[in-house]
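Just so you know, we're using our numbering here: the sequence shown kicks off at 105 and counts up by one.
In short, the hints are calculated from the structure, not lab data.
Keep in mind that this is a model prediction, so the values were computed, not measured.
Note that the Cβ used here is the ideal one computed from N, Cα and C, for glycine as well.
There may be inaccurate statements among the hints.
[Said to hold, decoys possible] Quick list of simulated restraints, FRET-style, between CB atoms: (1) D331 x A365: 24 to 34 Å; (2) A121 x E358: 22 to 32 Å; (3) E339 x G158: 27 to 37 Å; (4) S282 x R367: 31 to 41 Å; (5) D371 x P127: 42 to 52 Å; (6) P316 x R367: 33 to 43 Å; (7) G338 x A121: 48 to 58 Å; (8) G142 x P316: 26 to 36 Å; (9) E213 x E352: 34 to 44 Å; (10) T240 x A319: 34 to 44 Å; (11) G212 x A121: 42 to 52 Å; (12) P116 x S146: 16 to 26 Å; (13) E359 x S133: 50 to 60 Å; (14) G300 x G158: 28 to 38 Å.
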Amino acid sequence: MSGRGAHDVRNPGMEAAYRASRPYRSAISALTGALTFGIHPSLVGIRALTHALGRPQDAYACVQVTGTNGKSSVTRMTAAILHAHGLRAGAYTSPHMDFYEERIEIDGEPISPAQLATAVTLATDASATAQDAGYTDPITEFELLTAGALALFRAEGVDVAVLEVGMGGRWDATSVVSPSVSVITGVAVDHAEHLGTTREAIAEDKAFIIKPASAPILGPGTVGIEDIFLRRAGEFDGHVRAVRPEGESSPVAEELTTRYAIRSVPD
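Kindly generate the complete structure, drawing on both the sequences and the hints.
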């Protein structure tokens with residue numbers, strides 16, 4: 105199933121050549137074609153895909169990361185820390201700079217073009233299965249790529265997948281998972297046409313990544329709207345942690361608060 109073994113050395117020339125191959129071009133065509141379907145605020149599509157794939161997200165633990173800023177950095181750093189502790193860690197982020205495979209990493213390395221083609225093929229096959237089973241709505245680009253990433257993580261035997269939310273939280277395709285840890289880096293007004301025009305409304309949407317048995321972590325950008333996340337966590341008896349600067353009040357007990365201080369900044 106894998107296009108690159110865990111100990112293979114990256115070969116940029118071979119990867120560039122593979123991008124001209126039919127499987128890779130077909131995968132990219134499927135993704136870019138699905139771009140025309142835009143954004144669908146629903147989990148029905150991604151659930152249909154993952155059901156057809158045999159629920160790959162149940163094969164490993166998940167960390168889900170949402171927030172207005174810092175999501176990609178937190179996702180990659182969390183995956184790096186997990187890998188440093190001996191776990192096989194996947195990371196899923198967006199958008200990409202040059203190639204789609206940049207969005208999916210395993211143990212700190214972007215997947216190969218061959219792995220990207222494998223992931224998308226799995227997702228497009230699942231889409232056909234879902235349609236045969238009666239699902240008729242268009243599958244979006246983000247749904248295809250998310251389903252493909254989840255399936256590839258299972259095929260590659262990851263222990264933990266760290267998933268960056270694309271937008272919001274309630275209806276994002278990554279919310280098909282039941283995360284062990286739910287991270288909210290912070291909330292500002294973004295994607296107002298989809299999420300709401302106030303921090304409070306957007307926080308309500310992002311709070312949906314807090315689910316039963318998940319450990320919520322409130323980043324420093326949640327100051328002023330902590331009650332929204334605490335209320336959501338309280339529905340599931342979730343034990344909330346917070347990250348706050350030294351000297352700033354915390355919404356949780358001190359033993360559940362991680363403190364930091366900025367000692368210097370670059371010129």
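Hint-by-hint comparison with the structure:
For D331 and A365, the Cβ-Cβ distance of about 26 Å falls inside the hinted range of 24 to 34 Å, so the restraint holds. Under the hint 22 to 32 Å, the C-beta atoms of A121 and E358, about 56 Å apart, miss the expected range. Restraint check, E339 to G158: a C-beta distance of roughly 29 Å satisfies the suggested window 27 to 37 Å. Take S282 and R367: their Cβ atoms lie about 38 Å apart, and the range 31 to 41 Å holds.
At roughly 48 Å, the beta carbons of D371 and P127 sit within the given window of 42 to 52 Å. At roughly 39 Å, the beta-carbon separation of P316 and R367 lies within the given 33 to 43 Å, and the hint holds. Judged by the Cβ atoms, the range 48 to 58 Å given for G338 and A121 holds: they are separated by roughly 54 Å. Hint check: G142 to P316, Cβ distance near 31 Å, so the stated range 26 to 36 Å holds.
Taking the beta carbon of each, E213 and E352 are about 37 Å apart, inside 34 to 44 Å as hinted. The hinted range of 34 to 44 Å is satisfied by T240 and A319, whose Cβ atoms lie roughly 37 Å apart. For the pair G212 and A121, the beta carbons lie near 24 Å from each other, so the given range of 42 to 52 Å is not met. Range check, P116 to S146: Cβ separation about 39 Å, and the 16 to 26 Å hint is violated.
With their beta carbons about 53 Å apart, E359 and S133 fall inside the hinted range of 50 to 60 Å. For G300 and G158, the Cβ-Cβ distance of about 35 Å falls inside the hinted range of 28 to 38 Å, so the restraint holds.
Consistency with the previously given hints fails for numbers 2, 11, 12, ordered from lowest to highest.
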